[in-house]
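**Q** Here is how the chains run, residue by residue.
Protein chains: 2
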Amino acid sequence: MKMAIDEKALDFEISEKPFKRILVAVDEDDSDSSIRAFQFAVTMAKRNQAVLGIVSVLELQDLNVFETLSPEKINKLRQNLANDVNVYARQAQKHGVAEIVQLTAEGRPGAAIIGEVIPEFKPDILICGSKSKPVNSRQRIFIGSQASYMAQNAPCSVLVIRK
Amino acid sequence: MKMAIDEKALDFEISEKPFKRILVAVDEDDSDSSIRAFQFAVTMAKRNQAVLGIVSVLELQDLNVFETLSPEKINKLRQNLANDVNVYARQAQKHGVAEIVQLTAEGRPGAAIIGEVIPEFKPDILICGSKSKPVNSRQRIFIGSQASYMAQNAPCSVLVIRK
Chain A
1 MKMAIDEKAL DFEISEKPFK RILVAVDEDD SDSSIRAFQF AVTMAKRNQA VLGIVSVLEL
61 QDLNVFETLS PEKINKLRQN LANDVNVYAR QAQKHGVAEI VQLTAEGRPG AAIIGEVIPE
121 FKPDILICGS KSKPVNSRQR IFIGSQASYM AQNAPCSVLV IRK
Chain B
1 MKMAIDEKAL DFEISEKPFK RILVAVDEDD SDSSIRAFQF AVTMAKRNQA VLGIVSVLEL
61 QDLNVFETLS PEKINKLRQN LANDVNVYAR QAQKHGVAEI VQLTAEGRPG AAIIGEVIPE
121 FKPDILICGS KSKPVNSRQR IFIGSQASYM AQNAPCSVLV IRK
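Residue numbers (the UniProt record's numbering), protein chains in the order written: chain A, 1 to 163; chain B, 1 to 163.
Read the hints as simulated data drawn from the structure, not as lab findings. Errors might be hidden in some of the hints.
[Said to hold, decoys possible] FRET-style restraints, in silico, Cβ to Cβ:
no.	chain 1	residue 1	chain 2	residue 2	range
1	A	101	B	28	47 to 55 Å
2	A	119	B	73	47 to 55 Å
3	B	99	A	116	40 to 48 Å
4	B	73	A	120	50 to 58 Å
5	B	107	A	6	44 to 52 Å
6	B	8	A	82	41 to 49 Å
7	B	73	A	93	57 to 65 Å
8	B	71	A	49	48 to 56 Å
[As the list claims (entries may be wrong)] Chain A is faced by these chain B residues, among others (derived, beta-carbon under 10 Å):
no.	residue
9	5
10	9
11	18
12	85
13	88
14	90
15	95
16	104
17	147
18	148
19	151
20	154
21	155
22	157
23	158
24	161
Each residue gets a CB set at the ideal place from its N, CA and C atoms; glycine is no exception.
Start from the sequences and build out the full structure, keeping to the hints where you can.
**A** Shown next, in the form of structure tokens:
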């Protein structure tokens, strides 16, 4: 039998700035929900006067690019990724976020973000898009495997943005 | 090869009130992360002048209470659950949330919230705790199966609060 909730335990001071380090994952293959996740992250970072980390991952899971592409092409991909993150960073700055950290990684996005980026950046919250799609007749919607992986495995709070 | 991001696509107006209907799931078996989820939901609801739904689920997955408990005991469990939600609701009201909806359901929390509560309340965002625990030597932390289920299957944005 459950105990009744203790009303005192629920009492708290309203905190307007619960998250001081916000990490947003952006993905060029999923621009709609990435852009919404980015916009929400910028809004929260500005309001909280938080540090905003922006990360994008060069996805290598389906293609062994180190074997199939020339070093020049790989460097070009890396440069494009860094440039894209920089475009996001300039937008965040334009909207009044004072402290921005630009991050890139390579591999499977979930594993790279959980295994490398979060231990480095140490966010209080990870914000990501969902790559959602309707699946069956019961009108359920499933998030992509990477967002699901991050929601399950991140050591911090996770916000999955879905339109 | 990915396309470079279009800077114009990232432009947006800062919205201070992105979520107008907020649903928070509270769980007496997981008071720590439930309370943090509740506190964050109240803060967001107050700031957004949003409608706050508060739901708790009578968990029936491990126990066929309809066979093992008397109707009186089942009614007592239901009454306790409704009372607990009412305690949360009074706290939310005390903190300045104007519009509060109290909800209860029965069954597996994830399935009940996704299948019954969300279609009824139609939130923009679901906020829940994580029941987190450290699992292995790599210091990863896993959320409970119910939070994971909700993060994967909800048709709205999902925020999993983890300390």
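**Q** Within 48 to 56 Å or not, the Cβ separation of residue 71 of chain B and residue 49 of chain A?
**A** 55 Å, holds
**Q** Quick check on the hint: residue 157 of chain B CB to chain A CB, less than 10 Å?
**A** Hint holds; residue 157 of chain B Cβ to chain A Cβ min 5 Å, cut 10 Å.
**Q** With respect to the beta-carbon atoms only, verify the hint that residue 101 of chain A and residue 28 of chain B lie 47 to 55 Å apart.
**A** 39 Å, violated
**Q** With chain A as the partner, please determine if residue 88 of chain B meets the hint condition of a C-beta pair closer than 10 Å.
**A** 6 Å, holds
**Q** Can you let me know if the beta-carbon spacing of residue 99 of chain B and residue 116 of chain A is within 40 to 48 Å?
**A** 43 Å, holds
**Q** Per the CB criterion, is residue 155 of chain B less than 10 Å away from chain A?
**A** 5 Å, holds
**Q** Holds or violated: residue 151 of chain B as interface residue toward chain A, Cβ cutoff 10 Å?
**A** 4 Å, holds
**Q** Holds or violated: is there a CB of chain A closer than 10 Å to the CB of residue 158 of chain B?
**A** Because about 5 Å separates residue 158 of chain B from the closest Cβ in chain A, which is inside the 10 Å limit, the hint holds.
**Q** Let's test the interface hint: is any C-beta of chain A closer than 10 Å to that of residue 85 of chain B?
**A** 9 Å, holds
**Q** Verify the interface restraint on residue 161 of chain B: the C-beta must sit less than 10 Å from at least one C-beta of chain A.
**A** Status holds, d = 5 Å.
**Q** Does residue 154 of chain B meet its interface restraint, that is, does its C-beta lie within less than 10 Å of any C-beta in chain A?
**A** Where the cut-off is 10 Å and the nearest Cβ of chain A is about 7 Å from residue 154 of chain B, the hint holds.
**Q** Should the hint that residue 73 of chain B and residue 93 of chain A are 57 to 65 Å apart at their CB atoms be regarded as holding?
**A** Holds, since residue 73 of chain B and residue 93 of chain A (Cβ atoms, about 60 Å apart) stay within the stated range.
The earlier numbered hints that this structure contradicts are 1, 5, 6, 16.
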